[in-house]
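**Student:** Chains as they are written, first to last, in our numbering: chain S, 1 to 309; chain H, 1 to 349.
A few of these clues could be false.
[Said to hold, decoys possible] Some chain H residues well away from chain S (every beta-carbon gap over 10 Å; in silico):
1. R83
2. I85
3. Y131
4. G146
5. G163
6. G217
7. R237
8. G274
9. A287
10. F295
11. F348
[Unchecked claim] Straight-line distance between alpha carbons at most 20 Å, and here's what the computed DMTMM-like set of lysine to aspartate or glutamate pairs gives:
12. H:K208 <-> S:D131
13. H:K208 <-> S:E123
14. H:K330 <-> H:D317
15. S:K23 <-> S:E218
16. H:K325 <-> H:E307
17. S:K95 <-> S:D52
18. H:K208 <-> S:D284
19. H:K208 <-> H:E184
20. H:K324 <-> H:E242
21. H:K208 <-> S:E290
22. S:K159 <-> S:E148
23. S:K95 <-> S:D162
24. S:K55 <-> S:E65
25. H:K208 <-> S:E130
26. S:K159 <-> S:E130
27. H:K208 <-> S:D129
Read the hints as simulated data drawn from the structure, not as lab findings.
Ideal Cβ positions, reconstructed from N, Cα and C, are used throughout, including at glycine.
One-letter residues, chain by chain:
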Amino acid sequence: MTRCVERLLITGIAGGQGRLVAKRVADSFAVSGVDRAPWEGHPDHITVHTMDLRKKKFEDIFRRERPSAVVHLAFVRHFRADPMVRHEINVAGTKRLLECCATYGVKKLIVLSSSYVYGALPESPYYMDEDTALNVSRHYPDIRDLAEVDTLCNTFLWKYPDIATAILRPVPTLGYYVHNSIGGYLKLRYVPTIMGFNPMTQFLHEEDLAEAIGRTLETGIRGIFNVTGPGAVPLKVAIRETGGIAVPLPEPIARNTIDSLFRLGLYHLPPGAIDFVKYPCTIDGRRFREATNFQPLFTLEEIFSSVRH
Amino acid sequence: MAKTSKTPPSERPARRRRAPRGVVGTGGILMHDEPGGRILLDDPDSPENDDLQPSLDPGEQVAHSLGALSDLAGGILQSLAPRLIRDLDHELRERIRNSPIELNSFGYDPWGFNPDVARRTLLLFALVYRYYFRVQTSGLEHLPAGRMLVIPNHAGQIALDAGMIAIATVLEADPARPLRGMGEYWLPTIPFFNVFMARVGGVVGTPKNARDILEHGEAVIAFPEGVRGMSKPFAQRYQLQEFGYGFMRLALETNTPIVPVAVVGSEEQAISVGNIKPLADLLGMPAFPILLNYFPLPVRYHLYFGEPMEFRGNANDEDEVIGKKVEQVKARIHGMIQEGLRRRRNWFF
Chain S
1 MTRCVERLLI TGIAGGQGRL VAKRVADSFA VSGVDRAPWE GHPDHITVHT MDLRKKKFED
61 IFRRERPSAV VHLAFVRHFR ADPMVRHEIN VAGTKRLLEC CATYGVKKLI VLSSSYVYGA
121 LPESPYYMDE DTALNVSRHY PDIRDLAEVD TLCNTFLWKY PDIATAILRP VPTLGYYVHN
181 SIGGYLKLRY VPTIMGFNPM TQFLHEEDLA EAIGRTLETG IRGIFNVTGP GAVPLKVAIR
241 ETGGIAVPLP EPIARNTIDS LFRLGLYHLP PGAIDFVKYP CTIDGRRFRE ATNFQPLFTL
301 EEIFSSVRH
Chain H
1 MAKTSKTPPS ERPARRRRAP RGVVGTGGIL MHDEPGGRIL LDDPDSPEND DLQPSLDPGE
61 QVAHSLGALS DLAGGILQSL APRLIRDLDH ELRERIRNSP IELNSFGYDP WGFNPDVARR
121 TLLLFALVYR YYFRVQTSGL EHLPAGRMLV IPNHAGQIAL DAGMIAIATV LEADPARPLR
181 GMGEYWLPTI PFFNVFMARV GGVVGTPKNA RDILEHGEAV IAFPEGVRGM SKPFAQRYQL
241 QEFGYGFMRL ALETNTPIVP VAVVGSEEQA ISVGNIKPLA DLLGMPAFPI LLNYFPLPVR
301 YHLYFGEPME FRGNANDEDE VIGKKVEQVK ARIHGMIQEG LRRRRNWFF
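If we strip away everything but chain H, and leave its shape as in the complex, we get (with noise of 0.2 Å):
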């Protein structure tokens, strides 16, 4: 404050008040702990509040309690919460504070990136992966130190697979890499949909953005299948569907590795029989798919991790040239998917 010399002092911040958690949203659940304090919040027992609270207006009075409120709800639930679950979240927030994400002094990167949000989110995922799909991974020590996209196969008519290797990159990769990944153009026009996509790492995939995350270094996700490979129908389960070239032109002009992935176990967790696409085209959905369980089964899931792939040429080559450096990937993938499943004992271990 003493840098602002221009204020006179009459004009100076009395004091900093103490941000009511309750209104803005960073209090409650696991947050009140935080050692270090990556949220900053004002000290609420410095002297100089201390004589001021009498004046608070009502507003602030009820946003206080509030925010006590949620504090005691927060540590009321932590408390109960299964010891598993606490040293998971623990573990979790370890591995991000060591992951080379840059935050500033609020606790944000410059996309948004929240590393308290993107736990608590990832958390919910890493209990799944741990004690419902029972991950197995292995090749995470193929993932190079800067910019990589990782590419893998998509599956499971419900997005977990991506779920699963973001979870695998944080807790069992060293250092951990939180995945970015891209979204829609309309994403960020969902209310809360929007705020959440950005704090757990995601953005919109414009080209300028998806240059600038690689040129930052970070880890970039992308599904080249698309929809297409996720509603596909069992009988073509671990069918490679067709490669969007996207990914291929984005790694030749930022220079970046492509690190494949194949996910083994991903096409059993749901079984589709079929696809009711006017239905889907009616909602404004990407399909619609009749499924035998909507609930997925605690199949296994293994998650291979490629050598990664360095590309050269010109990104602005015709699609035929592309088309050439995405076969291979693809057939990288189909190899590493092929060989998992001759491994696989069965769908469950």
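Chain S extracted, bound-state conformation (with noise of 0.2 Å):
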């Protein structure tokens, strides 16, 4: 094998994950990067296209560039957006993605997941391996979306055993680039919780997640990995840590009135993200760990400190 440089797709490069994602690997790979929205003043050594996975063009990339590695980050985690677009872009998109990889000989891909898909369910294990079933729909169908890229992915892992496909299931990310809805819900000054529930919730900084992903591509393991931190802690222990106030509603109250924020846009998640602050969605992430020798730098005491205001 010629010991030439590897190139390396990532999609959603924009993103706060994106970004850290490309500084980690940027050394060892030559990146370039796919993102529906552009990166303004992106290091002169990362080639960034600004388009829409969608789009016809998107294909132009993988035969142009011919990456032998995909990091996919390009999802839409947020609500703002119409609900059959969000759909759209994360399971067409993956959809579409997938069939790139497979047609142009890629050799290794990443797929960034959650921990979300388990779902929050007052019977789940407290540690949730990686054959757990994908729950989240049950009381969570605004993000079905995820688990159902999750299960197309895995099918794809199956299919193609010479690709090394890697999904990461992380547990919720925080830190100064990442936006996402745990981080703006610890953000809130007072922050509702449900009177009588106080889930463990395990937080992974940022950093430590581009370092994850980074380990995933030099190792090119293959398989369903959760990735988790450095502990768990008590949800208001959380809210408490990063300078909130925990405001405990009842819950027919907080459904009711989150529900109607929602429709309003006025509250940034849908009632059914409600089951995340009942219950644990807490995962076992010695799989990852033994197959990477990953270990998280940050503490939680840093972490909280990265995302208090």
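Got two chains here, separate frames each, mind docking them using the hints?
**Tutor:** Below, the structure written as structure tokens:
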């Protein structure tokens, strides 16, 4: 084999996590990226295509650049967009990407799923392993597309044994660059919680997730992996440590209020998300750590201080 | 904070605000004098907080006042509490601190166990243990060092036997071994109780939880008789009911020693003359016993911890094979109960 630099394509490169991954792997790969949003002032050695995954021209990137590795981060995880569009971008976009990977000889594919796909159910075990069913649609149908994407990639994993497909399911990720639902929730001044519930919650620092993705690329592991951080604390400890004040609401009031506010566009999470502040959705990250020797660098205190306001 | 160097200085959090204890509920009784500070509250006297105090918004000021009030109330209550209670509390604190349970820097174990909440619960049971039931415990030296399944008989209409065994392993075993309980699947749906259950060391009894917690080296208690044992009428006292097989399969799968425990005295705490099953079904309760006394009698409990029993075999064997092993445990507990009954002079001493 010739020792030429491997080319890596990152979808969703302009997002916080995409930029961190690009920075992490820039020394060992020739990096290019795709995103619907532009990345102003990106480093010169990184090529960025501003493009939608669903567009026909997306395939041209594969034809021209022939990436040997792909990191798929281009998902809509917020609820500001039309649910139909969200579903299409996530599911149809992923399907499109998978087809390109199979056609153009990609060797490694990493897909960033999340621990949310397991759902937060009262009867779930505390530390769910990768074989747990993806139950999220039972109470939180709004993000079922993420479970569908996960399943789609799982099928791809078994269908193409020559491609090192790794599906990563990280716990909620916090940090300065990443903007996500849990971060938005914890950054509220007064944080609504459900009265009488205080589930254990795991967190991971954004830099550690970038490191985890980097290690997955370097080791070329294949399979589904939960990625966990330094540990778990009760939700209200996280709220306190990030500088918020927990406001416990009785569940019926919380459900109705959040439902109305969400419909009016005044709150960023649908009522289905309530289960994630009622029941733990904690996962077992041993498989990934054994496969890659990954150890999170940032402690819980540091993770919380990175989003403290 | 220095490690999050990604954060530009202007974006850095200006201060660590003091947690409003009254709101988050970590303050209160017996908590404010925590030496060493397991509950990590920020130092309210640090200079960077002082100069920012005036900028607190009204909500936070209320929270601060409530926190201070709750601290004050806790302090008064504590100083009023009899010396006996304070000493017992101190003893429990020391013993839990020296137990092998590992906590993270916020004072929780991976399943949500918190020694401070657990201690306050145990305190109540410890008072009952020492001064009401005057429990006599023997055989704690048999407890193995790592993981174990504690398997007792179950009786007494109210599950106080579980509490007494849990106290015995904290107060009298060396080192203290806080017991972990396995709960029904619907328990986490009960507001407040679910949090309490996790803080005192309970988890939902899924196979994965049981395996994880045992592999972590914890001591798990299970009652294979279940409600059958607890709710049986007085006439059937000390007759072991049918054992479930789940505990044996779990022990085989995880290679865990079984510690048989005989509880003598629990049967006489509440005298049951019958059980209205239809009413229990109607109310969704496991049993609706008719008792002569709904407040437990001050009987004396005797706890006998037996030598650990090790079993080998396939956890997925047929019920017949597993059943034979279960019978061995049952026979051992039966023997210990009979021995205990022979030694006992009467119900109360």
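**Student:** Indicate, hint by hint, whether the structure satisfies it.
**Tutor:** Each hint tested on the structure:
1. With a least beta-carbon separation of about 33 Å from chain S, R83 of chain H lies farther than 10 Å from that chain, consistent with its non-interface assignment.
2. The claim that I85 of chain H lies off the interface holds: its Cβ sits roughly 27 Å from the closest Cβ of chain S, which is beyond the 10 Å cut-off.
3. The claim that Y131 of chain H lies off the interface holds: its Cβ sits roughly 32 Å from the closest Cβ of chain S, which is beyond the 10 Å cut-off.
4. Here G146 of chain H stays apart from chain S, with its beta-carbon at least about 19 Å from theirs, past the 10 Å limit.
5. Its beta-carbon lying about 23 Å from the closest one in chain S, G163 of chain H satisfies the requirement of being farther than 10 Å from that chain.
6. With a minimum CB-CB distance of about 15 Å to chain S, G217 of chain H clears the 10 Å threshold, and the non-interface call stands.
7. Every CB of chain S lies more than 10 Å from the CB of R237 of chain H, the least distance being 35 Å, so the non-interface label holds.
8. With a closest Cβ-Cβ approach of about 34 Å to chain S, G274 of chain H is found to remain outside the 10 Å limit, as its non-interface label requires.
9. Distance to chain S confirms A287 of chain H as a non-interface residue, since its nearest Cβ pair spans about 23 Å, more than 10 Å.
10. The beta carbon of F295 of chain H is kept farther than 10 Å from every beta carbon of chain S, the shortest such distance being approximately 28 Å.
11. No Cβ of chain S approaches the Cβ of F348 of chain H within 10 Å, the least distance being about 40 Å, so the stated non-interface status holds.
12. With a C-alpha separation of about 11 Å, the suggested pairing of K208 of chain H with D131 of chain S holds against the 20 Å cut-off.
13. At roughly 11 Å between alpha-carbon atoms, K208 of chain H and E123 of chain S fall within 20 Å of each other, so this suggested pair holds.
14. The suggested pairing of K330 of chain H with D317 of chain H holds, with an alpha-carbon distance near 19 Å, which does not exceed 20 Å.
15. For a cut-off of 20 Å, the pair hint linking K23 of chain S to E218 of chain S stands: about 15 Å separates their Cα positions.
16. With a C-alpha separation of about 16 Å, the suggested pair K325 of chain H and E307 of chain H falls inside the 20 Å cut-off, and the hint holds.
17. With a CA separation close to 13 Å, the supplied pair K95 of chain S and D52 of chain S stays within the 20 Å bound.
18. Of the pairs offered as hints, the one joining K208 of chain H and D284 of chain S holds, with about 10 Å between alpha carbons and a cut-off of 20 Å not exceeded.
19. Simply put, K208 of chain H and E184 of chain H have alpha-carbon atoms about 14 Å apart, close enough for the 20 Å limit, and the pair holds.
20. For the hint pairing K324 of chain H with E242 of chain H, the CA-to-CA distance comes to about 13 Å; that is within 20 Å, so the pair holds.
21. In summary, the hint linking K208 of chain H to E290 of chain S is supported, as the alpha carbons are separated by about 19 Å, within the 20 Å threshold.
22. A hinted pair counts as satisfied when its Cα atoms are at most 20 Å apart, and K159 of chain S with E148 of chain S qualifies at roughly 16 Å.
23. Distance restraint check for K95 of chain S and D162 of chain S: the Cα-Cα separation of roughly 18 Å lies within the 20 Å cut-off, and the hinted pair is therefore satisfied.
24. For the hint pairing K55 of chain S with E65 of chain S, the CA-to-CA distance comes to about 17 Å; that is within 20 Å, so the pair holds.
25. Restraint check for K208 of chain H and E130 of chain S: satisfied, since their Cα atoms lie roughly 12 Å apart, inside the 20 Å limit.
26. Restraint check: the Cα-Cα separation between K159 of chain S and E130 of chain S comes to about 19 Å, which is no more than 20 Å; the hinted pair holds.
27. At roughly 9 Å between alpha-carbon atoms, K208 of chain H and D129 of chain S fall within 20 Å of each other, so this suggested pair holds.
When the structure is compared with the earlier hints, no violation turns up for any of them.
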